[in-house]
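Sequences are here, hints too, so could you generate the full structure?
In this note's numbering, the protein residues as written are 1 to 218.
Take the hints with a grain of salt, since some may be wrong.
Below, computed lysine-lysine pairings styled on BS3-like, alpha-carbon distance capped at 27 Å [to be verified]:
1. Lys14 with Lys28
2. Lys187 with Lys28
3. Lys35 with Lys187
4. Lys59 with Lys187
5. Lys7 with Lys35
6. Lys7 with Lys28
7. Lys35 with Lys14
8. Lys14 with Lys147
9. Lys35 with Lys59
Restraint ranges, calculated between C-beta atoms of paired labels, are given here [as the list claims (entries may be wrong)]:
10. Arg82 with Pro186: 37 to 43 Å
11. Arg40 with Glu140: 28 to 34 Å
12. Leu168 with Gln78: 43 to 49 Å
13. Gly11 with Trp182: 36 to 42 Å
Worth flagging that the hints you see were computed from the coordinates, not collected in a lab. No experiment lies behind these values; they were computed from the predicted model shown. Think of the CB as a built atom: it goes at the ideal place given N, C-alpha and C, for glycine as much as any other residue.
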Amino acid sequence: MRVSEAKWIRGALKGIDGPILNLGSSTKTFREDLKPHIDREVFSPLRADGVEVVHADMKQAPGVDLVGDITDPVYQEQLVARHFRAILVSNLLEHVRDPGIVADACRRILPEGGLICVTGPYRYPYHADPIDTMYRPTPEEFASLFKGELVVGEIIDGGTLRDDVRSLPHYLAQSGWRILNWPRRPKAARARASALTYLFRPFEISCAVIRIGTSGVS
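Encoded structure:
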């Protein structure tokens with residue numbers, strides 16, 4: 001999640017009294033230490049406002065409140081019982097084989113009028129976690145995927161790779177080594193080669209808030 005993306009999400013979730021499901025949350029260490037802007041911009045303000053946020057992921061780790069597979073009907077029923085008002089789906093859909101299955105599950109979990117705040121890469125390098133399908137939708141395509149009303153949608157500037165690099169010479173040298181090591185670690189080599197194309201041109205992030213019009217999946 002980019003800093004500008006986190007700030008956008010903060011604004012999008014403002015006023016929602018919860019509870020909110022953070023789907024594909026990753027760990028407390030990821031949100032607070034590796035990417036501290038995520039907690040600073042998104043979750044700390046929600047805590048200050050007294051909004052309940054439930055972090056859900058497939059891996060059990062500190063900071064994950066609910067562990068399960070969103071496509072599992074039994075797990076879906078557990079989530080329905082929590083009466084979530086909104087779901088945050090951030091940088092998840094490019095890492096699943098079928099985004100439509102995830103979108104349908106989110107619709108089942110939310111009541112009529114529930115909100116989905118979804119963000120993901122629009123112009124962004126390949127980044128496998130563990131896969132990257134290169135799904136790069138517009139806000140309108142997000143709304144179509146979730147079969148809901150696009151309340152607000154925007155493609156925002158995510159900064160450049162240069163913003164993230166402390167030492168450009170070191171990064172370029174490391175990149176050369178990774179690319180030359182393609183036969184042994186093809187995913188890492190592809191990711192680095194793709195990232196280099198964004199050294200000076202901006203990342204673009206697709207952001208949307210979608211209102212679910214009817215309960216369940218038609």
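Hint check results:
1. A C-alpha spacing of about 22 Å is found between Lys14 and Lys28, which places the hinted pair at or below 27 Å, so the restraint holds.
2. Between the alpha carbons of Lys187 and Lys28 the distance comes to roughly 26 Å, so the proposed pair stays at or under 27 Å and holds.
3. Note on Lys35 and Lys187: the hinted pairing holds, with a Cα-Cα distance of about 22 Å set against a maximum of 27 Å.
4. A distance of roughly 22 Å separates the Cα atoms of Lys59 and Lys187; the hinted pair therefore holds under the 27 Å criterion.
5. Straight-line distance between C-alpha atoms of Lys7 and Lys35 comes to about 13 Å, which keeps the hinted pair within the 27 Å bound.
6. Distance restraint check for Lys7 and Lys28: the Cα-Cα separation of roughly 19 Å lies within the 27 Å cut-off, and the hinted pair is therefore satisfied.
7. For the proposed pair Lys35 and Lys14, the alpha carbon gap of about 21 Å is at most 27 Å, so the pair holds.
8. Our distance criterion of 27 Å between C-alpha atoms is met by Lys14 and Lys147, whose separation comes to about 23 Å.
9. Straight-line distance between C-alpha atoms of Lys35 and Lys59 comes to about 18 Å, which keeps the hinted pair within the 27 Å bound.
10. At roughly 40 Å, the beta-carbon separation of Arg82 and Pro186 lies within the given 37 to 43 Å, and the hint holds.
11. One distance hint, 28 to 34 Å for the beta-carbon pair Arg40 and Glu140, holds here, with the actual separation near 30 Å.
12. Checked against the hint of 43 to 49 Å, the pair Leu168 and Gln78 passes, with Cβ atoms roughly 47 Å apart.
13. Between Gly11 and Trp182 the C-beta distance comes to about 41 Å, which sits within the given range of 36 to 42 Å.
Of the numbered hints given earlier, the model fails none.
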